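Position chain B relative to chain A; hints supplied.
For the record, the sequence lines run as chains A and B. Every letter in the first sequence is one number past the one before it in our numbering, and letter 150, counting from 1, is 150. Every letter in the second sequence is one number past the one before it in our numbering, and letter 151, counting from 1, is 151.
Careful, some of the hints might be misleading.
Unchecked claim - Here are the computed lysine-lysine pairs in the DSS-like style, where the Cα-Cα straight-line distance is at most 27 angstroms:
1) A:72 / B:26
2) A:72 / B:2
3) A:72 / B:58
4) A:5 / B:26
5) B:2 / A:5
6) B:58 / A:14
Derived by calculation from the structure, the hints in this document are not laboratory data. Because the structure is a prediction, the values reported are computed rather than measured.
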Amino acid sequence: MKNIKVNFVLNGRKVKISVPPSLTLLRLLREHLGLTGTKIGCEEGECGACTVIIDGRAVNSCLVLAPQVEGKQVETIEGLSQDNRLHPLQEAFIEEAASQCGFCIPGMIMSTKALLDRNPTPKRDEIARSVSGNLCRCTGYIKIIKAVESAAGKMRS
Amino acid sequence: MKFQYIRARDFDHAIETLAEDHERLKILAGGTDLLVMVRQNKEAPRSVLDITPLNELKAIEIKGEEVEMGALVTHTQVCEFPLLTEQTVALVQACREVGSPQIQNRGTLGGNLANASPAADTIPPLYVFQAVLTLGSRQGERKIKVEDFCTEVKRSVLRPDEMILRISFPLPSKGSFSFFKKLGQRKAMNISKVSIAACLEFDGDTIGSIRVALGAVGPTVIRAVETESYLQGKTLSEDAIEAVAGIIRRESRAISDIRSTADYRNAMTGVLLAAGLREAMTSRQN
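Bound-form chain A, shown alone:
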């Protein structure tokens, strides 16, 4: 199968790469670009561990083909910290001890970042809805929701 050329912006930097046609964005990030913060869970859109942001929207990167990000803006967990400073969401997840085993957390943070970018003052049920496609099997949703509320407050002030 012929490789496909794809140009896109990843965490603010231009990427130009040639990819196998059936490669998913998830595998492109992890196996070709070395960004392993985005996790492989179910690989069929059920668990949300692979959530990234494309053009401002949270999506499952396992259900996007790499050639489909042509011309798109892609954000991953690696793009959140600026000048070695963590994003307020990342800080809040630490402060609230929202991470247990941690496997789902990059996806949780990307889903909630997409929410806060669009809605700086989300209600509790809007936060819960934003992570309804992200499974946490340590059952830590309460602290995750608290962390998002706390981050939203800090980002406003």
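Same frame as chain A, but now just chain B:
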């Protein structure tokens, strides 16, 4: 997963590709169903045609009294379109129940239709809003009622050289009431055991017109015509709701499968209809 990838350069390129090269070709829109099927070896396309670059299929437009949506409109787009959130509540409620926010951001109305699942969330609302689909191929366009589109489980009248272009329906009036309800194992990421959509137009205190559609109780979404004719011309009351809940239970012809049993599904059609009608009654009193 091994297949060729064809990126649609423009609309004509997509239509030509479908006409010339549709053998074992799958159209890729949101990918939220196709890529899962491929991964589970339930589909093995030789090539996929990515139509997501076709911006002309991504708009929601109100043309006079008609809603027109491109096939690539996402579930999220529907939920964020103000007029639809007011006057096509059933469709918005259904779009909010699809999969998860990530799936709603990616999945498209055209894709939900093309898969032709009887459990598809957006199809019952499109039935009750009397949607018409425009299909396109090199031969030109043809229109088909949504009720005539799906023929059996996962089968539709869409030819291999065709694609869905647009979905349109008359905008329900401001005084109309519509709802969508579904039951599943849990709230998110969940395929319906049974779903229902209804749209009511009132004539004074009585129901001027009502359309009811049931999902996941047959090989395709079905209209509940006996239920509709019972309610036509009636005033909503607790007695009428009790009676019609019994009618829809008998009208439903569900089967038992991995997700639920026939008895449970049939019984729940009555519960869901009653819940929706009670909401309609409350909204009329306010």
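Quick rundown of the hints versus the structure:
For the hint linking residue 72 (chain A) to residue 26 (chain B), the alpha-carbon distance of about 23 angstroms falls within 27 angstroms, and the restraint holds. In summary, the hint linking residue 72 (chain A) to residue 2 (chain B) is supported, as the alpha carbons are separated by about 23 angstroms, within the 27 angstroms threshold. Under the criterion of a C-alpha separation no larger than 27 angstroms, the hint pairing residue 72 (chain A) with residue 58 (chain B) is consistent with the structure, at around 16 angstroms. The straight-line distance between the Cα atoms of residue 5 (chain A) and residue 26 (chain B) is roughly 21 angstroms, inside the 27 angstroms bound, and the hint therefore holds.
Between the alpha carbons of residue 2 (chain B) and residue 5 (chain A) the distance comes to roughly 17 angstroms, so the proposed pair stays at or under 27 angstroms and holds. Only pairs whose Cα atoms come within 27 angstroms are accepted, and residue 58 (chain B) paired with residue 14 (chain A) is accepted, the gap being roughly 26 angstroms.
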